[in-house]
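*Asks:* For reference, the chains in residue letters:
Number of protein chains: 4
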Amino acid sequence: MLYRELAERARGKTGAWCKACPVCDGRACGAHVPGPGAKGTGTVAVRNYQAWEEWRVNLDTIRPYAEADTSLELFGRTLSLPVMVGPVGDVRRHYGELFDDVSYNRCVLSAAAAQGTVAWTGDGLEGSIVANATQVIASLGGCGVETIKPWAMDVVRERVGVALGAHPLAIAMDIDAAGLPFLKGQNPPAGSKTVDQLAKVAEQCHEAGTPFVLKGIMTARGALKALDAGADAIVVSNHGGRVLDGVPATAEVLPGIAEAVAGRMSVLVDGGIRSGVDVFRALALGADAALVCRPVVVAAHGGGQQGVEDYLAQLRSELADTMEMCGAATLADVGREMLFS
Amino acid sequence: MLYRELAERARGKTGAWCKACPVCDGRACGAHVPGPGAKGTGTVAVRNYQAWEEWRVNLDTIRPYAEADTSLELFGRTLSLPVMVGPVGDVRRHYGELFDDVSYNRCVLSAAAAQGTVAWTGDGLEGSIVANATQVIASLGGCGVETIKPWAMDVVRERVGVALGAHPLAIAMDIDAAGLPFLKGQNPPAGSKTVDQLAKVAEQCHEAGTPFVLKGIMTARGALKALDAGADAIVVSNHGGRVLDGVPATAEVLPGIAEAVAGRMSVLVDGGIRSGVDVFRALALGADAALVCRPVVVAAHGGGQQGVEDYLAQLRSELADTMEMCGAATLADVGREMLFS
Amino acid sequence: MLYRELAERARGKTGAWCKACPVCDGRACGAHVPGPGAKGTGTVAVRNYQAWEEWRVNLDTIRPYAEADTSLELFGRTLSLPVMVGPVGDVRRHYGELFDDVSYNRCVLSAAAAQGTVAWTGDGLEGSIVANATQVIASLGGCGVETIKPWAMDVVRERVGVALGAHPLAIAMDIDAAGLPFLKGQNPPAGSKTVDQLAKVAEQCHEAGTPFVLKGIMTARGALKALDAGADAIVVSNHGGRVLDGVPATAEVLPGIAEAVAGRMSVLVDGGIRSGVDVFRALALGADAALVCRPVVVAAHGGGQQGVEDYLAQLRSELADTMEMCGAATLADVGREMLFS
Amino acid sequence: MLYRELAERARGKTGAWCKACPVCDGRACGAHVPGPGAKGTGTVAVRNYQAWEEWRVNLDTIRPYAEADTSLELFGRTLSLPVMVGPVGDVRRHYGELFDDVSYNRCVLSAAAAQGTVAWTGDGLEGSIVANATQVIASLGGCGVETIKPWAMDVVRERVGVALGAHPLAIAMDIDAAGLPFLKGQNPPAGSKTVDQLAKVAEQCHEAGTPFVLKGIMTARGALKALDAGADAIVVSNHGGRVLDGVPATAEVLPGIAEAVAGRMSVLVDGGIRSGVDVFRALALGADAALVCRPVVVAAHGGGQQGVEDYLAQLRSELADTMEMCGAATLADVGREMLFS
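Chains as they are written, first to last, in full-length UniProt numbering: chain A, 1 to 341; chain B, 1 to 341; chain C, 1 to 341; chain D, 1 to 341.
Warning: the hint list may mix true and false statements.
When chains are identical, the list treats them as one kind, so a pair holds in a single copy or across two.
Taking lysine to any residue pairs in the SDA-like style, the calculated list, with each CA pair at most 20 Å apart, reads [said to hold, decoys possible]:
no. : residue 1 : residue 2
1   : 184       : 330
2   : 13        : 73
3   : 19        : 41
4   : 19        : 93
5   : 200       : 28
6   : 184       : 63
7   : 19        : 100
8   : 19        : 337
9   : 184       : 127
10  : 19        : 186
What the hints contain is simulated information worked out from the structure, not anything from laboratory work.
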């Protein structure tokens with residue numbers, strides 16, 4: 001089923017604020033939280049979407065016929081496409097009754113694994129969410145990435161320990177969640193972390209042979225700090241506009257960050273990526289892979305696990321089509337010169 | 001009859017998706033295919049139209065009085081204006097019951113010939129479309145251009161052979177159609193072509209004394225490959241946004257391509273050209289002539305062959321008016337300095 | 001009465017197409033001619049208006065207190081403000097029954113003279129329009145400018161001869177009207193003029209001691225040709241978008257033209273000027289004075305001669321206010337450095 | 001109570017023209033004066049708001065955990081946040097019956113003092129407004145800034161004399177009010193002031209040990225004149241678009257002015273600042289503190305003194321959040337490099 005049809009079926013089931021729009025561009029949900037809206041004026045999510053559209057791809061079909069290979073090596077595993085399902089927390093609060101965090105994570109982890117890629121799971125106040133995600137990821141042979149929030153260091157250590165039990169593809173920390181009120185309400189207050197603190201988390205992961213990813217990097221300087229901390233990858237992300245208003249679109253900061261990193265770690269990106277053309281743009285601007293979040297929630301509400309699988313398959317197909325139309329046989333062929341400037 | 005009136009008469013006859021708008025700017029049809037919409041987000045057709053509008057022409061009427069000569073030498077023939085009717089395929093599927101491919105081609109070929117220019121015909125799964133177009137073009141003394149899709153090479157050879165029978169003005173291949181699903185469904189799968197393969201098609205045409213045109217060039221690099229393949233002309237085209245989303249507008253890439261070609265072959269362009277002022281802009285940006293597609297379908301639905309003739313006459317008249325108001329007596333006078341920058 | 005109120009009173013009296021909008025910005029009338037709309041897509045009038053808005057003025061009130069002097073020396077006379085009423089032809093056809101060309105010209109000539117400035121009169125197929133305008137201008141002591149269209153040279157000579165009888169402030173030719181169909185329908189066809197032809201018209205005026213103005217200059221090259229022809233002034237004008245679609249806004253081309261002219265003749269401008277702030281912008285960009293057209297028609301319909309006087313007084317008051325707020329005591333003080341960049 | 005809720009409660013109580021919008025962005029009130037609208041086209045207020053939005057902040061949470069310190073030293077006092085309540089005059093005329101100038105000033109002075117900052121009071125035809133404000137400010141230990149209009153010098157001297165009686169944080173003059181009709185109607189007409197005249201006002205203040213602020217500076221040149229006059233601070237302000245149409249947004253001119261001042265006096269700014277993110281942007285562009293005006297009126301109507309306190313507390317909290325998310329522990333840490341460019 002096409003995304004458009006999945007969205008149509010999801011309409012009415014996604015809670016009071018998500019309208020399951022044909023194109024998830026941040027307009028209808030606006031600034032309302034709870035719900036999938038963005039913080040403050042609600043405009044960051046809208047800009048995230050638009051900033052990809054502004055990059056135009058270079059069509060060129062005079063070349064040998066070949067089917068595009070969309071597969072990616074990441075952390076020693078092969079993904080069938082450079083797209084992962086991004087983490088979503090508090091699903092019930094934002095999207096209504098159909099899923100809770102546990103059932104949603106199960107749905108997307110299974111769908112992603114079936115499509116040869118992985119889903120990322122979210123974190124929440126209750127430790128059981130991580131525990132449950134760990135179980136499912138373990139049952140899928142480690143096909144998943146667990147995201148841990150920047151709690152106080154002892155809580156982080158404990159949750160990372162649990163998560164490592166699944167031998168997941170990677171452990172991530174969404175460091176951009178530092179300002180969330182429930183983190184600052186802890187005793188001692190949690191939130192931002194130093195390079196040294198993050199180095200300890202990286203070390204804990206590495207000892208278990210698991211890569212560590214820092215999610216929520218929006219500057220070249222932040223990326224270099226992540227590198228110093230020993231992160232194996234970063235996600236260029238503004239948390240979909242939900243942690244701070246007024247930040248740039250991820251497509252705006254990605255090129256500068258990728259250049260600063262210069263291949264020394266993997267660069268992932270999320271925010272407003274909705275189609276295979278958007279994925280192509282992200283790769284051409286220096287990303288190794290993309291995360292897609294909100295539309296997956298819609299696909300899950302519209303078609304369950306199969307809906308998520310269909311959407312991932314659609315993204316792969318659109319990406320392959322774009323690669324073939326622009327003359328890229330493999331992901332390594334996709335470069336900045338394939339964008340119009 | 002003016003285009004505005006033709007569109008009014010066409011309204012209600014152009015199928016479920018074309019709204020026969022007063023100005024065909026890609027907004028009302030949006031992303032719906034079948035129908036005249038564009039692929040993905042549907043925004044490429046809209047951008048095609050807008051990108052011409054952004055170029056402003058330099059009015060200057062202090063000059064000798066002269067009526068503008070809009071005639072063009074192309075491939076050894078004289079056209080009365082630098083505008084040709086672009087190819088449209090699968091007319092019934094996209095625009096409803098009034099025309100099929102055969103009757104539509106007949107209508108536009110006759111209208112264009114009567115107005116001293118030519119129409120381009122489309123190609124489809126059934127070989128009979130090419131055969132029928134060949135008959136009509138032959139009966140018009142070769143007044144037409146047949147477009148062949150990038151099928152497997154043996155199919156191309158066969159269809160080009162048929163088309164050459166009409167001694168048409170040229171044979172074209174819409175190489176940007178490479179990604180269409182029905183081409184990839186062939187055995188072996190068809191689609192993109194190498195310079196060597198295209199050189200063979202060019203050779204087959206040249207042996208029959210017929211020029212060969214590559215349609216669907218969007219980069220300077222692609223244009224140089226077309227030149228290497230022996231093409232006599234290219235059409236800067238993104239297929240009206242129907243083969244790949246997220247590509248630039250043709251008006252954006254035309255100047256760079258024309259500069260790269262540097263007069264070594266003819267440069268044609270299509271995409272969002274709706275008025276004689278737009279034709280003038282295209283010439284000033286380096287094109288030798290333009291193709292107009294969607295509005296011709298509307299004109300045909302609104303007034304049949306006479307409607308298409310009227311629209312072509314209107315374009316010629318608007319172009320002549322613009323030339324006279326900007327100080328160009330002949331097409332050769334129209335240059336980049338006649339645009340404001 | 002404020003313009004806003006005049007427009008309110010005019011509503012319903014200005015024919016089928018003019019909506020007498022609170023701000024005359026070219027949107028409501030669009031592309032409809034007859035009516036006050038613009039040619040083709042109808043967007044030039046809209047751009048004319050917007051282009052002034054994009055220039056921002058530099059507020060600075062730390063300066064000696066002084067009331068601004070808005071008076072201007074032009075062609076040896078003193079105008080009380082650097083704004084003249086621009087010519088409008090075929091008033092009845094475009095704005096309905098309330099005025100015809102004769103009564104409209106009488107209204108605006110009298111109003112402008114009463115306010116210490118002048119109105120420009122239009123020209124039409126019937127020679128009586130010029131004759132009538134000449135009478136009124138003569139009765140006002142020459143307070144007016146007569147605009148003659150670029151007819152065949154003998155017709156021009158004759159009409160200029162008639163117009164000179166009024167000893168008007170100046171004679172103008174709207175050379176941008178060259179493409180109007182009724183001019184090309186003459187025998188021999190009329191329209192664009194060479195520098196030599198225009199020099200003859202200038203000579204005829206100068207022999208009578210009357211300055212000659214070329215209206216409809218949109219390029220530096222055109223301005224230099226006007227200078228060569230002996231013109232005493234030009235009007236940077238695109239005829240409100242009514243003679244050619246796709247041209248730049250006058251505010252866009254004015255700075256380059258003023259620079260090319262370098263003070264060797266007067267530079268006037270029209271197109272989308274609606275307020276005293278707009279007049280200030282025009283002066284700061286190099287104009288000596290501005291012409292205002294469409295809103296005067298609305299003011300005349302809303303309040304007759306008094307309405308036009310009120311609107312001119314409002315423009316003078318707004319201009320004086322802007323000058324005082326930006327630190328200009330006289331028009332000579334208004335310069336490019338008073339705009340933000 | 002959040003601002004959004006305060007606005008909801010205020011709706012219907014704020015007179016005929018203020019709509020108490022969820023975000024006060026100048027659109028709904030437009031060009032209507034009386035009422036909170038802006039002058040002329042009414043677009044300056046809209047641009048003021050938008051210009052802040054165009055600056056994007058650099059999220060970076062890899063840093064030591066620390067709660068942001070939002071306190072500011074200004075004129076020898078400590079403010080709990082770099083935001084003051086801006087002056088509003090003629091409250092009843094613009095916002096209806098709920099407040100008059102005296103009760104409004106009392107409300108905001110008390111609220112600001114309770115929140116550890118100060119409110120600025122306006123001035124009007126009746127001298128009693130200044131007298132009343134002086135009383136309240138004196139009762140609050142000088143917690144307030146009195147704004148005196150640029151009356152004739154003897155009136156200024158008298159009112160400043162009254163105002164100094166409160167030992168206020170500072171005395172300000174809104175020099176951009178120079179063009180208001182009731183000032184020019186005085187005998188002799190009042191309005192703009194020279195550097196020498198302003199130096200006398202500064203001297204009068206300094207003799208009483210009170211700093212003097214010039215409000216309504218929009219150019220670097222104006223700022224240097226304020227410095228020459230001995231002003232201790234300026235407010236970069238266009239009076240919310242109410243004194244002159246067509247001026248730049250304050251966010252556009254702030255960086256150039258701050259650079260010209262180079263720390264030699266304090267730089268304050270107002271115009272469209274609505275959130276803590278906007279305050280952060282203002283500081284990053286070179287301001288020492290910001291004034292917020294229209295939303296405070298709404299907050300006062302929605303929740304009285306408590307409403308104003310809540311809104312100030314919200315601004316402080318949003319600013320602290322933004323500082324923490326961007327890595328600024330104190331206001332001194334907020335710099336241009338924290339904005340994306």
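*Asks:* Each hint needs a verdict: does it hold in this structure or not?
*Replies:* Here's how the hints hold up against the structure:
1. With identical chains, the CA atoms of residue 184 and residue 330 are at most 20 Å apart between copies only, with a shortest distance of 18 Å across copies and 45 Å within one.
2. In this assembly of identical chains, the alpha carbons of residue 13 and residue 73 never lie at most 20 Å apart, being 36 Å within a copy and 53 Å across copies at closest.
3. With identical chains, the CA atoms of residue 19 and residue 41 are at most 20 Å apart both within one copy (18 Å) and between copies (18 Å).
4. For a Cα distance limit of 20 Å, the shortest separation of residue 19 from residue 93 inside one copy, 15 Å, qualifies, whereas the shortest one across copies, 32 Å, does not.
5. In the homo-oligomer, the alpha carbons of residue 200 and residue 28 never lie at most 20 Å apart, since the shortest distance is 41 Å inside one protomer and 53 Å across protomers.
6. Taking the shortest Cα distances, residue 184 and residue 63 sit within 20 Å of each other only across copies (15 Å), while inside one copy they are farther apart (56 Å).
7. Within a single copy, residue 19 and residue 100 get their C-alpha atoms as close as 19 Å, which meets the 20 Å cut-off; across copies the closest is 40 Å, which misses it.
8. In this assembly of identical chains, residue 19 and residue 337 lie within 20 Å of each other by CA distance neither inside one copy nor across copies; the values are 37 Å within and 38 Å between.
9. For a Cα distance limit of 20 Å, the shortest separation of residue 184 from residue 127 inside one copy, 17 Å, qualifies, whereas the shortest one across copies, 50 Å, does not.
10. In the homo-oligomer, the alpha carbons of residue 19 and residue 186 never lie at most 20 Å apart, since the shortest distance is 34 Å inside one protomer and 40 Å across protomers.
Of the numbered hints given earlier, the model fails hints 2, 5, 8, 10; all others are met.
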